[in-house]
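**Q** Listed here are the chains, written in short residue letters.
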Amino acid sequence: MVRPSRPALVLAGLVMTASLALAQGAGDGTLDLDRWHELRGGLGILDDVHDRRGFSLGIYPGVSAVLGLPGGYAGAADLFVSIGDGRGLSLFAGYGREWGARADATVWTLGWGGVKQVPAAEPQLGFFGTFVRYREWEHDRHGRHRGLSVGTESGVGLVAVTFEAGLARSERDHWLVVARLALKLAFPVELHLDDGG
Amino acid sequence: MGIQSLRRVLWTAVLPLAVAASAPAAAAPSLEETIVELGHTHLTDGNRVAILDVPEVALSRRLDLIRSARHHLLISTFQWNLDPFGSAVLDAVKEAIALRRDEGSKLTVLVLVDYTTPGLSQDHLHRVCRQLERAGAKVRHFNPPSWGLAPLYTARLHDKMVVADGRRAVFGGRNLNWKYFDPAIAWYDADVEVEGPAVQELQMHFLKAWVTGRHSVSLWNLLRPPAAVRSDLRKLWATGRLPDGSSPLEPFITREFFPPVEPRPEGVRAAVLYDNPLVWDRAPTQDLVEELVRRARAAVDIASPFPTFPVELTEALVDAHLRGVEVRVLVNSREAQVREGLLWQAQLPTLIRLVEAGVGVWGWLGNEPILAAAREAGCRVYELPGSSLHAKLLRVDDEVAVVHSSNFNYRSAHFNTEAGLLALDRGLARELEDRVDAAIAPGPRPVPCVGAAGAERVDGGPLAVRLTVDDLERMKQELGDRGPTLDSLSVLW
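Those protein sequences? They're chains H and V, same order as listed.
For the first sequence, position 197 matches number 197 in the numbering used here, and the numbering has no gaps at all.
For the second sequence, position 99 matches number 99 in the numbering used here, and the numbering has no gaps at all.
Honestly, the hints are just simulated from the structure, not real lab data.
Each residue gets a CB set at the ideal place from its N, CA and C atoms; glycine is no exception.
Among the hints, erroneous ones may be present.
Derived Cβ-Cβ restraints for the label pairs, each shown as a range [stated by the list, open to error]:
| # | chain 1 | residue 1 | chain 2 | residue 2 | range |
| --- | --- | --- | --- | --- | --- |
| 1 | H | Val161 | V | Arg134 | 32 to 40 Å |
| 2 | H | Val132 | V | Arg134 | 53 to 61 Å |
| 3 | V | Pro259 | H | Leu110 | 44 to 52 Å |
| 4 | H | Val161 | V | Gly451 | 53 to 61 Å |
| 5 | V | Tyr382 | H | Leu89 | 54 to 62 Å |
| 6 | V | Glu326 | H | Leu46 | 33 to 41 Å |
Chain H side only, calculated, beta carbon under 8 Å to chain V, not exhaustive [to be verified]:
| # | residue |
| --- | --- |
| 7 | Thr30 |
| 8 | Leu31 |
| 9 | Gly88 |
| 10 | Val150 |
Coverage of chain V stretches by chain H, computed from C-beta distances (three or more under 8 Å per stretch; other residues unrestricted) [to be verified]:
| # | segment |
| --- | --- |
| 11 | 30-41 |
| 12 | 224-235 |
| 13 | 244-253 |
| 14 | 321-332 |
| 15 | 410-416 |
| 16 | 481-490 |
I would like the entire structure built from these sequences, with the hints used as guidance.
**A** This is the structure in structure tokens:
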């Protein structure tokens, strides 16, 4: 943990109850929101830094059991690659295949997030992200479908859960709802690209 | 050597010494500076603080607080069940709303609950929330799934508070159900009742958490980078405003929500310790607790029902013990454990490390020993110590007392919202010391017992017993080689 040196913040933090009276503002005694926070030095939040690391590359292969619409159930395999700046901003992209009872699909994913460290007694990797997903598949009866959905994926260690919702449309203007839950067995890998600041 | 050369030599030798002597010494931060900086908090004077560790008193103070509210009530809880005790609190809230309405005024009631409350408790909570909303309260889930999708941010609400009119509050370890208030089976727990400027510090945190829920579930924020959304929330906590300058707190910045509060002349200097994983990577409370233990000079008492401590805290306790500080750790014994199976075993690495290092660790025995003594004597006891330990306490030397909702463990450090009070007060520190003294006193402990022959006394025995070498061996056997596996699953505890 980096402990910043902020004498001004500390001084502000030691201001006694008189600061509350001052922060009430003039006249009607209504609290002055800005002054309230200035007197508290912003609680030091914006200077608080934990575990800032440099750029990292994440590799995240996994296999999933999928339930939901369309198709009821399916098996899936995908590979995500993420790149993060060590300050929380991270982007990932992925390609996958699904094998369902009635259709096989090809899936492209793009999202915010990626492989990251999960705080635990035994530090380990996990995955957190929101995504937009493009899915293409041939349906037995309705032909080729193209679908767009949004979702979230959260994982710790070898296990991840994905929630997804969206719509798909066929070439014959047949619309389908996409709503899926997947349980994934994943193998996250993180490579540090530099030491960072 | 000429005069010029001599002068040059003297300046060369003396001047650096003079500069070094005149430079201010790099002083270690004072206790108050440490509290403010690591705790991300603000010390206020003039607070009235009472520790509530008797179930009946804790319930009655909450009910009194709710009934006394004139303008607003802010309530957060992890559990709220429809048993007689949870229902008593629910009914008090409903009656207070109705009463103010009959008087021609409006009582604003805001209730923050968690979405991850497990199992049957979630069903109870759902029904409580519906009743609250029907009565006119507003209820929000902290960090709920948005747009039908799972919450990306893993934060969970674990703080428990009731705040009335920005003047009084009760907060600490208790949720709202019978496990905390039924004298026959309640856990031993602790809250604080606070009246004074510290209450508005707590209230501001609640209001920020309240408005945060709406912010993070918008479709726009669902699609933004999580880091950007977190940055917004950190800005809100630090400045009261979002990056665009607007403030979702504006409706609450009124004299009614934040009335002028006079400090009490005999009041206590205190700081609210609040944690929120949407804002901080690591709980300020955890950072501060660890540093306070490192700074301890004479004594540390710490109580936690779920001591899966981060290694930093465990080692701070061991180091304190090794440098001569009297360290007393109060946890649950195996018999009085709140949670079984893996959740109990997950604590073993911490306990083993502490006991092996010679740190004094006492296991709370619960009600069973005194109930057994009563059964043998054929009478009935009414003063029960608590079926399990649930209090989260810290006392450092004779000056720092902390009562909190944080278990000082991994979940509290990284995944939970938590709220508690740190008091810089000898009296409150002594109260916590006395409570630990009473818990570990070897006995006998005469307790009134009422039977057919009238009132008598039975030996209630000690409330807690020190873990010994035999316990160490038993714990090691039970843990086996599962340590690394349990460590890797520590996000769960």
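**Q** Against each hint, give a clear statement of whether it holds in the structure.
**A** Cross-check of the supplied hints:
For H/Val161 paired with V/Arg134, a C-beta distance near 34 Å keeps the hint of 32 to 40 Å intact. Checked against the hint of 53 to 61 Å, the C-beta distance between H/Val132 and V/Arg134 comes to roughly 39 Å, which is inconsistent with it. In this structure the supplied range 44 to 52 Å holds for V/Pro259 paired with H/Leu110, their Cβ-Cβ distance being about 51 Å. Between H/Val161 and V/Gly451 the beta carbons are some 56 Å apart, a value that agrees with the proposed interval 53 to 61 Å.
Between V/Tyr382 and H/Leu89 the beta carbons are some 60 Å apart, a value that agrees with the proposed interval 54 to 62 Å. For the pair V/Glu326 and H/Leu46, the supplied restraint of 33 to 41 Å holds, since their beta-carbon distance comes to about 39 Å. The criterion of a C-beta within 8 Å of any C-beta in chain V is met by H/Thr30, whose closest approach is roughly 5 Å, and the hint holds. The criterion of a C-beta within 8 Å of any C-beta in chain V is met by H/Leu31, whose closest approach is roughly 4 Å, and the hint holds.
Hint status for H/Gly88: holds, given a least beta-carbon distance of 3 Å to chain V, under 8 Å. A cut of 8 Å between beta carbons decides the hint on H/Val150: the least distance to chain V is about 7 Å, and the hint holds. Counting residues of the segment 30-41 of chain V whose C-beta sits closer than 8 Å to any C-beta of chain H gives 7, which meets the bar of three, so the coverage hint holds. Note: the segment 224-235 of chain V has 9 residues with beta-carbon separation from chain H under 8 Å; the three-residue rule is met and the coverage holds.
Counting residues of the segment 244-253 of chain V whose beta carbon lies closer than 8 Å to any beta carbon of chain H gives 4, which meets the minimum of three for the stated coverage. Evaluation of the coverage hint for the segment 321-332 of chain V: breached, as 0 residues show C-beta separations to chain H shorter than 8 Å, against a requirement of three. Remark: the segment 410-416 of chain V is confirmed as covered by chain H, as 3 of its residues place a Cβ nearer than 8 Å to a Cβ of that chain, reaching the required three. Only when three residues or more bring their CB closer than 8 Å to a CB of chain H does the claim for the segment 481-490 of chain V stand; here the count is 6, and the claim holds.
In summary, the numbered hints that this structure violates are 2, 14.
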